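Engineer: Below are the chains, spelled out letter by letter.
Number of protein chains: 2
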Amino acid sequence: MVFSSKLIEDAVTEFAKLPGIGKKTALRMVLQLLKMDEGRVDAFTNAVSRMRHEVKFCHTCHNVSDGEVCAICASPGRNKSQVCIVENIRDVIAIESTQQYNGLYHVLGGIISPLDGIGPEQLNIATLQQRVSEAGVSELIMALSPNIEGDTTVFYISRMMKDKNVLITTIARGIAFGGELEYADELTLAKSIAKRLPVENYVNTR
Amino acid sequence: MVFSSKLIEDAVTEFAKLPGIGKKTALRMVLQLLKMDEGRVDAFTNAVSRMRHEVKFCHTCHNVSDGEVCAICASPGRNKSQVCIVENIRDVIAIESTQQYNGLYHVLGGIISPLDGIGPEQLNIATLQQRVSEAGVSELIMALSPNIEGDTTVFYISRMMKDKNVLITTIARGIAFGGELEYADELTLAKSIAKRLPVENYVNTR
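Chains as they are written, first to last, in numbering that gives the first Met the number 0: chain A, 0 to 205; chain B, 0 to 205.
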């Protein structure tokens, strides 16, 4: 792409560094910003700049936070005996958006993946151990990806918590609501038959 | 989507204002920026901010420019007797990227569209008339969209230039290179047969 303005070219190059943004999409965004009022563009750059410079990570659960402790950990209305273990911040947002979970979180910052050189010491696992020992945590809910790395992480944390008096659960796997049986993968379908529930239970949980 | 950080939420909201960016894509970009070094994020926001505040529009052709006159109009190597008339800046970038055109441009800033309330006076047409009268322009190449609005604009400009000694041409329409005949729309196919070229001509222009 040939630009007649270095300023435009620089802005396009910066946008194209973001994930999933090619040069053409970057150009579309830059031209849109060029059309917007200067004040609105300032609002955009300020929001991005403040986000990067001022966002903190919660000392307790490692979630993104505006202060030392995140709004979820600080909330008096949440059940502090339940901790949901997730891989990253996006998972927290996804679970929070269901508005069905009232416990706390613990963001690992990844999952154990020896092939990628990620072991337990690269993750926020030591602070989890400390948290379970010190605070009155009675249940750890594992909400990790259903793959080998996720299973390894679940197994590692379960073994670590063996001598602690804490219940370890994982989120249910099965056919998604609205999912067509015929398009489900074999493993999920097989598991969902093996782990079938009595109908009254199904109706209650729906 | 529920966020535990207002800073993240604000940045996501700002990104989601850009065209074609939903909340999920916006979040992915924000989390990517959060992972990047502060210096690189500053480079991003500075490039966007400078682009918006410092980009100028060329006084001659209305293309984006870093100064009063754009690099294309200022270039001594370009053929100043040819002016290609385009709708917007994106079209200039597309034609420049072919590296096959060596004349100048004139960016209209839109096309005549009475339904959208865009008449000739909303476009950069007066300056075009002045340009043709003053500078030694011998050819106007119309590179506008092949629809009613584009045709109306071509017709309007042609009539305006009637008593000026200037050749008016339009870019060729036809089946695209690499296009399959069977998938071409009927109008394009019909026109490409009506405007067929002798084979030696075809070979030369390829």
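Hints may be right or wrong, so weigh each one.
Put simply, identical chains are the same to the list, so a pair is met inside one copy or across any two.
Computed cross-link-like contacts, BS3-like style, restricted to lysine-lysine with a CA-CA straight-line distance of at most 25 Å [claimed, not checked]:
(1) K55 - K23
(2) K34 - K16
(3) K79 - K55
(4) K5 - K79
Bear in mind the hints are in silico, worked out from the structure with no lab data behind them. Computed from a predicted model, the values in this text were never measured in an experiment.
Engineer: Among all the numbered hints in the text so far, which are the ones the structure does not match?
Structural biologist: none
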